[in-house]
Amino acid sequence: MIGQLTYFLRRALRNMRLSPVLSSASVFAVGIALALLAFFAIAVLNVQRVTESWTADLAIIAYLDQPPDGATLDRWLVEIRAYPEVATVTYVSPQEAYRRFQERLGRDADLLEGLGADVLPASLEIRLKPERRQDTAAVVERLGRNQAFGELHYAREWLERFEAFLLLLRTVGAALGGFLVLAALVIVTNTIKLTLYARQDELEAMTMVGATSLFIKLPYLIEGALQGLCGGLLALLASFVAFRILLRESLGSLLLLTGIDTIHFLPPLWQLLIVAAGTLVGLLGSLLALRKFVRFCQE
Amino acid sequence: MIELFNIAKAYQREQSALSDITLRIDKGEFVYLTGPSGAGKSTLLKLICCAERSTRGQILMDGRNITRLPTRHIPSLRRNLGIVFQDFKLLVRRTVFENVAFPLEVQGRRRFEISKKVYQVLQQVGLEHRFSHYPLQLSGGEQQRVAVARALVADPLVLLADEPTGNLDPDVTLDIMEMFKAANARGTTIIMATHDRGLIWQFPRRVITLDGGRLASDERP
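Chains as they are written, first to last, in my numbering: chain A, 663 to 961; chain B, 59 to 279.
If you're looking for bench data, these hints aren't it; they were derived computationally from the structure.
A few of these clues could be false.
[To be verified] With the Cβ distance kept under 10 Å, some of the chain A side facing chain B (calculated, not the full set): (1) G665; (2) N677; (3) L680; (4) Y859; (5) D863; (6) M868; (7) V871; (8) T874; (9) F877; (10) C959.
By construction, the Cβ of each residue, glycine as well, lies at the ideal position given by its N, Cα and C atoms.
Modelling step: build the complete structure from the supplied sequences, incorporating the hints.
Have a look at this one:
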């Protein structure tokens, strides 16, 4: 079995060596298509990280007209914690709000001099469970029924827009990537077809000495898969270089503004997917090319 | 044993390449298929190796009807056949050794067995010193000897040769005929298409003559 596989692999490598230009064309076609796809994936994944970090910080703030007494506060906390959508509820007293504001102002904290510590309203910070964030509006509506809550503040609408933008980016990436992968598939198919046209006599001779269809086709299938594999690895290399030179600088500085300190390359699973996709495109390309080439009998 | 019953082959409705051929070739026979160009010699050989399907009739090989043999069974049939073409049909990107070794690789033989067998056959055809050459580095006669070596390497039951000496000079033709005679002496059935009457005179064997796709005569020496 291993001997047979080595034999077919040797024949595939030999075929590639005999047509270096055509083989390189296939490798580059797959490489370029997948590199662009990988490039998009890096951008989308990093932008997605931003929204995830923002969403994690997202809270509904219920500003209170008057700081509540202990019993009322306890009642509200118990009531809100019972909502199925709610993960945590924190009471922020006017003093705590003042301290946080001071912290945020940093060196300009002296601007607050002369103002009392109770100048800011008390509030309740309500964080939702990640899987229930789409129910924000319903929770706000329920909280609004309590007259003691003066104003309810949340940034859902803005985030929804951002997520729509992300969806658009993902869709464009997938469509463009799909189109490019399809183009690569056509190029690989035609490249292998050209190789087969050049070796038609050889294929005929093989059928005449009793070679089975699989025996003839397997080296070409391996050749296609190897070209796809090389294309996938080339795509990873190209996207990594582009990531180091272009993305990390430009997208990195943009994302820094949003609080993300570093941008990341594709995670290992995605890297594996890119290489697997390349191999699959190569394999499929040769399978399509071989469909009508190996004929044993003129019917 | 090969038996043909009322074999007909038509490429188009009006054009009949073979009509009503009935004959029997016994195991170990040496048979010439002769006749003018277009008589149907090559077509008959193609039907025997299933490169084409007959329009009518049956071909039995050792009692097995191969006329409607499913495509997936054709390779196993061909492993029992050796085929030599007028234009050699060698794999030009492979060396002499690799060309001759190919039918054995197809059969999944072990490497040391392949090497031994290929060397033996190359010795028989006098080309053992050119094993590392490529076909296009050889003369026409040498290429045909490689083709014969490839056809014989797997000890086929039947050797089909389509004008194997058509492009060769008289000395090489004699060499090829000696190789066929030796293979026949080892038990291989030989069916050789030729229109070279001189060769048939020189090596007299059973002669099946076709004319216009019909069996014109069947003579034994």
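Hints and how they fare:
no. : hint : in the structure
1   : G665 : holds, 8 Å
2   : N677 : holds, 9 Å
3   : L680 : holds, 6 Å
4   : Y859 : violated, 14 Å
5   : D863 : holds, 6 Å
6   : M868 : holds, 7 Å
7   : V871 : holds, 4 Å
8   : T874 : holds, 5 Å
9   : F877 : holds, 6 Å
10  : C959 : holds, 6 Å
Hint 4 from the earlier list is the only one contradicted by this structure; the remaining hints agree with it.
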